[in-house]
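Q: The listed protein sequences derive, respectively, from chains Z and W. With this note's numbering applied, the first sequence closes on residue 314, and no number is skipped along the way. With this note's numbering applied, the second sequence closes on residue 314, and no number is skipped along the way.
Heads up, some of the hints might be wrong.
[Stated by the list, open to error] Rough simulated footprint, nothing fancy, chain Z against chain W, three-plus residues with beta-carbon under 8 Å: (1) 45-52; (2) 116-125.
[Said to hold, decoys possible] Across the chosen pairs, the derived CB separations fall in these ranges: (3) His-61/Z with Thr-161/W: 23 to 31 Å; (4) Arg-185/W with His-61/Z: 28 to 36 Å; (5) Pro-51/Z with Pro-229/W: 12 to 20 Å; (6) Glu-218/Z with Gln-45/W: 35 to 43 Å; (7) Asp-182/Z with Val-30/W: 51 to 59 Å; (8) Arg-170/W with Pro-51/Z: 39 to 47 Å; (9) Gln-199/Z with Thr-128/W: 49 to 57 Å; (10) Thr-161/W with Pro-248/Z: 44 to 52 Å; (11) Gly-314/Z with Gly-52/W: 32 to 40 Å; (12) His-83/Z with Ala-129/W: 42 to 50 Å; (13) Pro-113/W with Asp-270/Z: 47 to 55 Å; (14) Gly-228/Z with Thr-300/W: 49 to 57 Å.
If you are wondering where the hints come from, they were derived from the structure by calculation, not from laboratory data. Where is the CB? At the ideal position from N, CA and C, for every residue including glycine.
Number of protein chains: 2
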Amino acid sequence: VILTVTLNAALDITYQVDTHQPGHTHRVRTVHTRPGGKGVNVADVLTQLGEPVHATGLAGPDVDLPDFVPITEPTRRTTTILTPDGTATLFNEPGPHVTAGEWATFLDHYDSLAPHAHVVVLSGSLPPGIPTDAYTQLINRTTTPVILDTDGDPLRHGLTAQPALIKPNQHELQRLLGRTPRLPHDCHELGVPVAATLGPAGAVLSTPDGCWTARPPRPVTGNPTGAGDAFTAALARGLTDRKPWPDILTDAVALSAAAVAAPHAGAYNPTLYRELTRLVDVKEG
Amino acid sequence: VILTVTLNAALDITYQVDTHQPGHTHRVRTVHTRPGGKGVNVADVLTQLGEPVHATGLAGPDVDLPDFVPITEPTRRTTTILTPDGTATLFNEPGPHVTAGEWATFLDHYDSLAPHAHVVVLSGSLPPGIPTDAYTQLINRTTTPVILDTDGDPLRHGLTAQPALIKPNQHELQRLLGRTPRLPHDCHELGVPVAATLGPAGAVLSTPDGCWTARPPRPVTGNPTGAGDAFTAALARGLTDRKPWPDILTDAVALSAAAVAAPHAGAYNPTLYRELTRLVDVKEG
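Generate the whole structure from the sequences, applying the supplied hints.
A: See below:
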């Protein structure tokens, strides 16, 4: 089983509108609401893939996330405005404040789950009240391989605990290195395997065993929210199945592109996924 | 006491953001949430004015609106995106479905409240499931003077029941007449007193006793959401106190402009209100 951890869960709200014009009033055509947050998206994609997965984290009283440790403050909302031409605009609320007691309760819960997992996925930002080295603590508390997908200080701290793999996008990698990354060269200096996503251009995987680049055969239009989480889901399944690195990368690029074609985070287009799996171009070096 | 009725209540969410760019991801700086809907805004303004008011309507389980008849489906959200330059962008969800039983329960509740009110205010759109002639029914069930503030078919039907006053804005008046309104001339043909708001240009009041135009001394910048409801609150207080028509109009224009200067619907800037009350220019004809 794969364990996903979402410390900053969300209530994802998606609005379909006819146009999006700042300064105007818009009638929302359709409303879609789901429990979200990056680890929840990863778990939803793994479930759609038929992969055994267990999702945990911290969640407020207003979202239905069983087996999450409850916190008092309400879960943050993330609102996505979608127009017919595929433009996605996001508004992300700041996270709720988590108390020291709630964090301690979560650590106990995590200790009961992590030893039973083949792979642990730690995803997303940390809500206020959680220590900046939270991911370091979680990685150090288990011998299970950990995939870390976060940003800024939580990523910088987490690296010191040697996760099995990190999954930055270009912006996160740039913030981590303090300069525009030269890929794949710059990944080596991070000291851990790195799967870096490059948006529509695909991804780069840098490991002690070698380095690979993969790109989808064509651009896919749709809602890119959650595409990175589909990518992480493929990495988690690949590590669980101990697949060769280039196969893991190919699968992750195909699944991520197929997620862009699905209207909401946590889902992918299965027809497109099957098609792209055969067409993704992977190169060593 | 003034009774306000809100059949399509809302959960008003206001986001302060640094910029608003379609296609981008935005970090929300501050989140403000309040129970809303036009009649709730009217009641909140009347409360701030120190006027006895009773607010009722229909509301889902997710908003705290005491003395509203409960419905099963969740209340619609209205999200306002505010930027530092004062640009307000609104996204309004469609309303929840109301069952025939919920509507019948509301009618009984209304019958118990309306006879005790000096003025009834019927505000806003009708959620799905409510008959289009709902406001006609409510006006016909009471001898209390009714102010009607709605749009489209509910307004067209409601007019046939002869409300004491209607409060369209320019767009609502244009839809009602089927052409660009010539003011005040066109109001006469509607057969009921009309207080038409003209945005920053003020308002026109057309009654069998005469016709008046009033404008604020200068434009006020801020959040115009809820300014029309502050205008209606002043009308309701004016009818309750049996003030002369030009005084009611002056007060409504001043209160409405002072509401633009308040950051959220249902509130006004009291200092600005006192100042504008002396400066609003009212003319007969």
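Q: All hints, please: hold or fail.
A: Hints, verified against the model:
Residue count for the segment 45-52 of chain W with a Cβ under 8 Å from a Cβ of chain Z: 5. That meets the three needed, and the coverage hint holds. With 8 residues carrying a beta carbon less than 8 Å from a beta carbon of chain Z, the segment 116-125 of chain W meets the three-residue requirement, and the given coverage holds. Checked against the hint of 23 to 31 Å, the pair His-61/Z and Thr-161/W passes, with Cβ atoms roughly 28 Å apart. Evaluation of the 28 to 36 Å hint for Arg-185/W and His-61/Z yields a pass: the beta carbon distance comes to about 33 Å.
Between Pro-51/Z and Pro-229/W the Cβ separation comes to about 19 Å, which falls inside the hinted range of 12 to 20 Å. Taken as a hint, the range 35 to 43 Å holds for the pair Glu-218/Z and Gln-45/W, whose Cβ atoms sit roughly 40 Å apart. The beta-carbon spacing between Asp-182/Z and Val-30/W, approximately 56 Å, falls within the hinted interval of 51 to 59 Å. Restraint check, Arg-170/W to Pro-51/Z: a C-beta distance of roughly 43 Å satisfies the suggested window 39 to 47 Å.
Our hint of 49 to 57 Å for Gln-199/Z and Thr-128/W holds, since their Cβ atoms are close to 51 Å apart. Distance hint for Thr-161/W and Pro-248/Z: a CB-CB separation of about 46 Å, consistent with the stated range 44 to 52 Å. Against the hinted window of 32 to 40 Å, the Cβ-Cβ separation of Gly-314/Z and Gly-52/W comes to about 34 Å, which satisfies the hint. For His-83/Z and Ala-129/W, the Cβ-Cβ distance of about 44 Å falls inside the hinted range of 42 to 50 Å, so the restraint holds.
The hinted range of 47 to 55 Å is satisfied by Pro-113/W and Asp-270/Z, whose Cβ atoms lie roughly 50 Å apart. For the pair Gly-228/Z and Thr-300/W, the supplied restraint of 49 to 57 Å holds, since their beta-carbon distance comes to about 51 Å.
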